[in-house]
Amino acid sequence: QQPVQSPQAVILREGEDAVINCSSSKALYSVHWYRQKHGEAPVFLMILLKGGEQKGHEKISASFNEKKQQSSLYLTASQLSYSGTYFCGTLSSGNTPLVFGKGTRLSVIA
Amino acid sequence: KAGVTQTPRYLIKTRGQQVTLSCSPISGHRSVSWYQQTPGQGLQFLFEYFSETQRNKGNFPGRFSGRQFSNSRSEMNVSTLELGDSALYLCASSLDGQGYGEAFFGQGTRLTVV
Numbered sequence: 001q002q003p004v005q006s007p008q009a010v011i012l013r014e015g016e017d018a019v020i021n022c023s024s025s026k027a028l029y030s031v032h033w034y035r036q037k038h039g040e041a042p043v044f045l046m047i048l049l050k051g052g053e054q055k056g057h058e059k060i061s062a063s064f065n066e067k068k069q070q071s072s073l074y075l076t077a078s079q080l081s082y083s084g085t086y087f088c089g090t091l092s093s094g095n096t097p098l099v100f101g102k103g104t105r106l107s108v109i110a
Numbered sequence: 001k002a003g004v005t006q007t008p009r010y011l012i013k014t015r016g017q018q019v020t021l022s023c024s025p026i027s028g029h030r031s032v033s034w035y036q037q038t039p040g041q042g043l044q045f046l047f048e049y050f051s052e053t054q055r056n057k058g059n060f061p062g063r064f065s066g067r068q069f070s071n072s073r074s075e076m077n078v079s080t081l082e083l084g085d086s087a088l089y090l091c092a093s094s095l096d097g098q099g100y101g102e103a104f105f106g107q108g109t110r111l112t113v114v
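Chains as they are written, first to last, in the working numbering: chain A, 1 to 110; chain B, 1 to 114.
For reference, chain A alone in the conformation it holds in the complex (with noise of 0.2 Å):
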């Protein structure tokens, strides 16, 4: 079952945070983080691990709540570079599929 990501979009000036949410109605193993660039193919952000564990390249912070299924992507300071569409991806379980949201687009404006 797709995840569902809130807020859809999101505008921001350079400068500014924003928080982008995950949740699932299933338990979850793992939350991956996606972002995608107009006309490119997505790229990996960010894997929270059920146990606490993290695997990321960016300075982007996030969390994974396990008892409720959500997770969270924190932008803080934005640049410019941090627009396009954020996904986030969920897995249940190490043989189910990774099931992505529909996406979240946010615009940073100087």
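No incorrect hints appear here.
Computed footprint of chain A on chain B; a stretch qualifies when at least three of its residues, placed anywhere within it, have a C-beta under 8 Å from a C-beta of chain A:
no., stretch
1, 28-41
2, 101-114
Derived DSBU-like pairs (lysine-lysine); straight-line CA-CA distance at most 35 Å:
no., chain 1, residue 1, chain 2, residue 2
3, A, Lys102, A, Lys37
4, A, Lys26, A, Lys50
5, A, Lys67, A, Lys26
6, B, Lys57, B, Lys13
7, A, Lys67, B, Lys57
8, A, Lys67, A, Lys102
9, B, Lys13, A, Lys37
10, A, Lys55, A, Lys102
11, A, Lys37, B, Lys57
12, A, Lys55, A, Lys67
13, A, Lys50, A, Lys37
14, A, Lys37, A, Lys55
15, A, Lys55, A, Lys26
16, A, Lys68, A, Lys26
17, A, Lys55, B, Lys57
18, A, Lys50, B, Lys57
19, B, Lys57, A, Lys102
20, A, Lys68, A, Lys102
21, A, Lys67, A, Lys37
22, A, Lys59, B, Lys57
23, A, Lys102, A, Lys59
24, A, Lys102, A, Lys50
25, A, Lys26, A, Lys102
26, B, Lys57, A, Lys26
27, A, Lys102, B, Lys13
28, A, Lys55, A, Lys68
29, B, Lys57, A, Lys68
30, A, Lys37, A, Lys26
31, A, Lys59, A, Lys26
On the chain A side, residues computed to face chain B include the following (Cβ under 8 Å):
no., residue
32, Tyr29
33, Ala41
34, Pro42
35, Phe44
36, Leu91
37, Thr96
38, Leu98
39, Val99
40, Phe100
Simulated from the structure, these hints should not be mistaken for lab results. The beta carbon of each residue, even a glycine, is placed where N, CA and C say it ideally should be.
Since chain A is already given, all that's left is putting chain B on it; use the hints.
For chain B alone, coordinates are given in the frame of chain A:
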């Protein structure tokens, strides 16, 4: 190292025809997943192949099929095309499969059905 390569990049087909899309994963990656992307629907999971075996399948009709070869290259096929199949088809490769680490997406194949 070379990224994920999808061919062709663009396709225009007529209703009723069939189409085959190709995905070459990053060298050493054993898992290939396919997604359909349409405006407003996000990334809809089609299937995942791992070491030539289909590990998971999404909720798509049987017209959508795929396979993976021994070199990990994967193809997906759509038969009897419908207008609603127009979409960007993305494949993603990963070392050990979905959920175990970073997935690398290709640029996609944009399919237009007329």
